[in-house]
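Colleague: Listed here are the chains, written in short residue letters.
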Amino acid sequence: MIGLKHLKIWVGGIILAALFVCGVASPLLAPHDPQAQTLEDRLRPPRWAENGSPAYLLGTDNLGRDILSRIIYGSRISLLVGAATVIFAGLIGCTLGAVAGYFGKLADDIVSKISEIFLAFPFLLIAIAIMAFLGQGVVNLIMALMLSRWVQYCRVVRGEVLSIKERDFVTAVKALGGRDGYVLLRHVVPNTVASITVIATFAMAIVIISEASLSFLGLGVPAHIPTWGSMLSEGRSYINRAPWLTIFPGLAIFITVFGINLLGDGLRDIFDPKLRRQR
Amino acid sequence: MNTLSRRILGAIPVLLGISFLVFMLMHIAPGDPVSLLLGDDATPADIEQTRRELGLDQPLLVQYWDFLSRAVRGDFGRSLKFNEPVMKLVFERLPATIELAFISLIVAIIIAVPLGVYSAIKHNSLFDHAGMSVALIGVSLPNFWLGIMLIYFLGGQLNLLPVAGRIEYGIEVKPITHLYLIDSLITGNFTAFWSALQHLLMPAFTLGTSLAAIVTRISRSSVLEVMRQDFITTARAKGLSEKTVIWRHILRNAMITIVTILGLQLGALLNGSVITETVFSYPGIGELLIQSISARDYKLTQVLILFFAIIYFVVNLLTDFLYSWIDPRIKF
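Top to bottom, those sequences are chains A and F.
Be aware that the first sequence starts at 1, since it is given in this note's numbering, and climbs by one per residue.
Be aware that the second sequence starts at 1, since it is given in this note's numbering, and climbs by one per residue.
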């Protein structure tokens with residue numbers, strides 16, 4: 001079903017692109033300042049509901065701040081933390097995985113033992129632990145999530161490199177005098193890109209949910225920065241009076257993560273030959 | 001040396017690594033851990049005394065050795081927030097988490113296994129695509145949001161289920177196993193059983209959903225994997241009915257993977273329990289962890305994280321054994 005596969009990539013890609021646009025162009029897109037408090041308009045329901053105001057499409061929170069603008073600005077943190085974590089965790093994980101898989105022996109032993117220790121923690125717990133001791137902050141958050149995510153890349157890349165390095169074309173390059181560094185970077189690593197792309201996509205989805213979870217628990221970025229997780233956490237106490245405070249930020253997380261997972265699914269369908277056979 | 005002892009010996013360096021990482025957490029905290037422990041209004045004399053008491057004036061390796069030797073004896077000190085021995089707090093809260101995890105696992109199995117198996121049998125049908133879309137939605141739903149929405153609709157709007165706690169206030173359960181569902185059944189206290197079950201339903205559904213999504217996909221792919229094997233073709237070729245092929249040959253073999261993966265997903269439950277317990281104010285060790293973090297009770301936080309990691313590690317080890325026991329072709 002080629003149509004469905006491409007549909008997944010298109011829908012997922014559009015959602016990811018929308019997140020990117022919202023994150024980059026939030027000042028242009030947001031109708032209000034996300035921090036501006038209008039106390040006379042506090043807890044105003046969405047525009048279409050009774051008592052809603054045309055000025056606030058998705059309503060306002062307990063301090064009279066515009067929910068839509070806060071959701072648009074909140075996408076910045078999701079995008080920034082998601083992208084930075086995926087890139088840095090990818091760099092660390094892929095480098096260690098490639099070195100361990102290619103050189104084997106001591107390098108492999110050391111990397112495998114370290115990954116085993118990290119794998120012994122449920123990943124969100126590593127992030128919770130680090131944030132609990134380091135304190136809130138964007139950099140701390142990226143570091144905590146990065147430390148909890150690099151192992152997945154490392155394991156997959158190591159496995160791929162182990163199999164690629166035994167193939168004939170690698171032996172041929174070596175026979176022609178190719179040095180290890182050259183063989184690894186020019187011939188082995190490029191062949192792992194497909195798998196890395198798929199893991200990175202799924203990792204982005206997991207990181208966005210994790211960031212929202214940490215912010216929800218009060219362990220994410222500082223409270224004054226709007227994030228989807230912290231909006232949910234603040235809105236929780238008003239759940240019966242003003243459910244829109246939690247419904248919309250939650251929907252934003254769900255749609256974003258769903259889109260990215262859809263994209264990952266589509267990419268995996270294309271890249272994974274084992275799955276292709278199943279179809 | 002047999003497999004069991006080799007695996008247990010192999011676990012020692014990993015456990016040491018885990019304990020070292022957890023020990024170091026206290027030292028990566030910016031600033032002086034003692035000032036953090038005592039708060040802003042501590043005098044320099046207080047800080048100095050606590051530093052000596054905690055052994056923080058010793059070299060790092062000596063401190064680690066001390067931490068380790070106490071940990072082996074089960075001595076983790078007292079919690080600052082609750083002013084009780086840390087292990088007592090952990091064991092008080094642990095049954096609640098076990099109960100929640102167990103019911104969530106049942107919820108996940110009830111939803112996921114039939115959905116995944118049937119999707120695979122009806123491979124590429126409308127049902128298959130719908131089932132996989134549901135699974136994708138399940139993976140993408142943040143469970144804290146799902147929890148809040150359940151509280152709003154089932155708890156607030158429809159008033160069907162209690163929104164917080166483990167049992168209705170005032171109902172007593174005679175502690176035997178400390179698992180309320182089991183204890184209330186043993187003692188014949190059905191009011192308590194019903195109340196405990198009602199309190200468990202929403203958190204277990206919240207926690208079970210994300211697990212169900214993963215298990216659906218795995219069930220589907222393991223059934224598909226088995227369906228492609230030669231012995232299934234043989235079974236069909238010798239004229240067995242489709243029903244027999246599915247029940248006797250496909251499902252039996254696919255179940256090996258499904259059962260094992262369920263064990264391995266305990267980590268997902270532990271991750272989720274921290275958040276789910278917080279959303280539903282459910283008194284388990286996940287909620288205790290968040291309470292200890294907000295109270296800056298570093299000692300308790302440290303021990304809880306160590307505890308989570310060790311449970312997770314031991315369960316993974318047991319799952320490995322279970323795997324090789326179910327499928328003797330697998331050797332470690």
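Everything labelled a hint here was simulated from the structure, so no lab data went into it.
C-beta: ideal position from N, C-alpha, C; glycine also.
Keep in mind that a hint or two might mislead.
Partial list, computed: chain F residues near chain A (C-beta under 8 Å) [unchecked claim]:
#1 ILE18
#2 PHE23
#3 LEU25
#4 LEU141
#5 PRO142
#6 MET149
#7 TYR152
#8 GLY156
#9 LEU158
#10 LEU160
#11 ILE171
#12 LEU264
#13 ILE290
#14 PHE308
#15 PHE313
#16 VAL315
Below, a sample of chain A positions facing chain F; criterion: calculated Cβ distance under 8 Å [as the list claims (entries may be wrong)]:
#17 LEU63
#18 PHE133
#19 GLN136
Colleague: Could you run down the list of hints and mark each one as holding or not?
Modeller: Hints, one by one, checked against the model:
Interface restraint check for F:ILE18: the shortest CB-CB distance to chain A comes to about 5 Å, inside 8 Å, so the restraint holds. Proximity of F:PHE23 to chain A is violated relative to the hint, the smallest CB-CB distance being about 12 Å (cut-off 8 Å). A cut of 8 Å between beta carbons decides the hint on F:LEU25: the least distance to chain A is about 5 Å, and the hint holds. Taking 8 Å as the C-beta cut-off, the interface hint given for F:LEU141 holds, the closest approach to chain A being about 6 Å.
Taking 8 Å as the C-beta contact cut-off toward chain A, the hint placing F:PRO142 at the interface holds, the least distance being around 5 Å. Of the supplied interface hints, the one on F:MET149 holds, with its beta-carbon coming within about 7 Å of a beta-carbon of chain A, less than 8 Å. Hint on F:TYR152 holds. Least Cβ distance to chain A is approximately 5 Å, under the 8 Å limit. Given hint, F:GLY156 at the interface with chain A, holds; its Cβ is 5 Å from that chain's nearest Cβ, closer than 8 Å.
For F:LEU158, the shortest C-beta to C-beta distance to chain A is roughly 12 Å, which exceeds 8 Å, and the interface hint is violated. Hint status for F:LEU160 relative to chain A: violated, with the closest Cβ pair at about 14 Å, above 8 Å. Interface hint at F:ILE171: violated, since its Cβ lies 25 Å from the closest Cβ of chain A, which is beyond the 8 Å cut-off. Interface restraint check: F:LEU264 against chain A, minimum CB-CB distance 11 Å, threshold 8 Å, status violated.
Checking F:ILE290 against chain A by beta carbon gives a least distance of about 6 Å; that is within 8 Å, so the hint holds. Using the Cβ-Cβ criterion of 8 Å, the hint placing F:PHE308 at the interface with chain A is satisfied: the shortest such distance is roughly 5 Å. Proximity of F:PHE313 to chain A holds as hinted, the smallest CB-CB distance being about 4 Å (cut-off 8 Å). Interface restraint check: F:VAL315 against chain A, minimum CB-CB distance 10 Å, threshold 8 Å, status violated.
Contact between A:LEU63 and chain F, as hinted, is not supported at the beta carbon level, the nearest pair being about 19 Å apart and thus beyond 8 Å. Hint on A:PHE133 holds. Least Cβ distance to chain F is approximately 4 Å, under the 8 Å limit. Because the closest C-beta pair between A:GLN136 and chain F is about 11 Å apart, greater than 8 Å, the hint is violated.
When the structure is compared with the earlier hints, violations turn up for hints 2, 9, 10, 11, 12, 16, 17 and 19 and for no others.
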